[in-house]
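Novice: Based on these hints, arrange chain B on the given structure of chain A.
Chains as they are written, first to last, in my numbering: chain A, 1 to 392; chain B, 1001 to 1392.
Hints are computed from structural coordinates only; laboratory data are not their basis.
A virtual CB, placed ideally from N, CA and C, is assigned to each residue, including glycine.
There are no misleading hints in this set.
Covered, in the sense of this in silico footprint (three residues per stretch, anywhere, with C-beta under 8 Å from a C-beta of chain B), are these stretches of chain A:
#1 206-213
#2 219-232
#3 253-263
With the Cβ distance kept under 10 Å, some of the chain B side facing chain A (calculated, not the full set):
#4 F1006
#5 E1021
#6 I1244
#7 W1246
#8 I1250
There are 2 protein chains.
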Amino acid sequence: MLNFNFYSPTEFEFGKDTQFEVGRLLKKHGATKVLVHYGGGSIKRSGLYDEVIKVLNDENIYYVELGGVVPNPRDTLVYKGIKLVRKEQVDFILAIGGGSVIDSAKAIAMGALYEGDFWNLYDGTKATKALPVGVILTIPAAGSEASNSTVITKVDKGLKRGTNSDLVRPKFAIINPELHYTIPKYHTFAGIVDMMSHIFERYLTNTKNVELTDLMCEAVLVAIINSARVILKEPNNYEARANIAWASTIAHNGISGVGRQGDWACHRMEHELSALYDVSHGAGLAVVFPNYMRYTLDHDVDRYYRLAVNVFGITKGSDKKEIAKKGIDKLTKFYQEIGMPTTFNEIGASEKDIPILLKQLKINVGSSFGSFVKLTMEDAKNIYKMCLLTHI
Amino acid sequence: MLNFNFYSPTEFEFGKDTQFEVGRLLKKHGATKVLVHYGGGSIKRSGLYDEVIKVLNDENIYYVELGGVVPNPRDTLVYKGIKLVRKEQVDFILAIGGGSVIDSAKAIAMGALYEGDFWNLYDGTKATKALPVGVILTIPAAGSEASNSTVITKVDKGLKRGTNSDLVRPKFAIINPELHYTIPKYHTFAGIVDMMSHIFERYLTNTKNVELTDLMCEAVLVAIINSARVILKEPNNYEARANIAWASTIAHNGISGVGRQGDWACHRMEHELSALYDVSHGAGLAVVFPNYMRYTLDHDVDRYYRLAVNVFGITKGSDKKEIAKKGIDKLTKFYQEIGMPTTFNEIGASEKDIPILLKQLKINVGSSFGSFVKLTMEDAKNIYKMCLLTHI
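Isolated chain A, as found in the complex:
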């Protein structure tokens, strides 16, 4: 086991009707004037917006608002938010949404207290101050509700950059699984692939003797798969939504990966897919990850064997490689079962684009990437090519 630092100070308020706790939580953190930050109209259609505004009014918490966050949140809205926060002397940012809204809120929280251009904070300069951020989570998967990271896109230069700071770890995260009933089917399951991938990136490690986190990773994966199958039939099943919502936090707040080196090669390869095609991150991962596993199988047959047995329920046996393969095939089948793409064709990608994907990948990662297996651009090409085929 490697040395590690684990720090997750966010207070989670989890369960039915917890959005009504927002006033109490804001007051606990001394909020007097809040920026309510959100995306499109879904929180208005669902009634959540009205519920939150009513709490703020009832509790005499002054607020201003800024909607319009889009997936891959943009610097342009961050600048607008910073200006608003300064003008109105906002002292707390409340993000209502998923990863994009939370990331945008974090950028505003740091940028408002930074004298220069906030983009510097995504370009090497470390933030020294930030306004506190709180979250009402409407889409589980990204894990931003408990993380110290934020990714922003600089529109005019087409740049997408992330930064990390404990200053922007949310003070609280309200997670009401009932709010997730109305997430469209595709996004629900793309989110599920995303959270499973967060576990896989940690599970595929060369660090030895991390029995506890190995077992925890497997436990979270089994819980996600079982609950996903329930949601497939009953989108409004509270218990399954609740297990998924908490699993997404556990998958990415770090506790599943302490003491081990993570990989993250698939996230890098998928990033180029969602940059080039109009495909969600989770859907892209559903295509890339099983093929990455097939490609790296020989690197650690024992690890893939244990995944096959402990997570995918394949019967133990002496031909470990064959059993490991069966486990990966079962992952592909599971993604198909939940309506996710598993080939390039299904996401509008084609063989002729592979050189473009590789060119961009090289710009972003250099000549090699990944730690479970150190991949070259040749490896990346081979894995992308595998995504052209149906393997089962």
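Specialist: For chain B alone, kept in the frame of chain A given last:
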């Protein structure tokens, strides 16, 4: 799944040589004058005391010290600590030790900023301020390094009382598993029973549909059992000590029990054993818990069946009750294997004392207790009686 609040803001610095990070962590939290609080001479014999003092000197952090904490930490030393902290204008309490030292540090941290008798804070009054507390953990098991709870014994009245406050959750906890090599064998394994019991108390629940935390509880139990067996042969096996050290935190920081009602009946029944006999909490739990399980088996055969299959590796079958029984017997055998007592006789308890145990239990819990099964004093008597027998 029940609604829950989860809050664990402690920063964990985990791994080899992490005690040398204490200066950096103290400075991060603005400590200028520290109370170094500890127990007996073990940290001096091991060299840890000298290492920490050297860091404080090197970093120019002023300190005073107070040793002498004993198991079941006493109010008398807390009063002494409060006086010292006020006189020396200490602004940070550093606990070096296990649960008792940390609990004593928490009492001093609250008491120093409370105008009245600190015992009031253990008698219904809520603390509103506390000095920050940091921890270097020398004995895993109690979980106090990340909890909001503290238990103190009032010597002159023979009272043992606990209280909870988020104000005393440690700011940081340094966990170096190498420091645990020298824990005596008996205490190592009593600690392991204690952490397993923390999981059992959460696992035995009537809350339905908590798949994720069920699986996580099972994962942590399996990891503990596997690592315990390694430590039995190789007390200085770093990886096994590391898995155990982190498991003890996971077992009790709340993450294994979110969204479900816990039980805690066995902790209540054991409390009377360690109060009456000179037996450690973990050893007492090794006697009580398997018998509690035997007694409550019929209440939820499915739960005990799943424990037997998923944790104790008993082969699935149609006679669930028989398999569940085998699982409980395997727990007893495991406790015997690690040198823990499993009968009253082994801890010096006898049948004639049962009325005394029951009398004290009734004073402490009233006429009934527990939530998995609501136990009466008659039930408690039956369970204590079962502890007289060898069941396997």
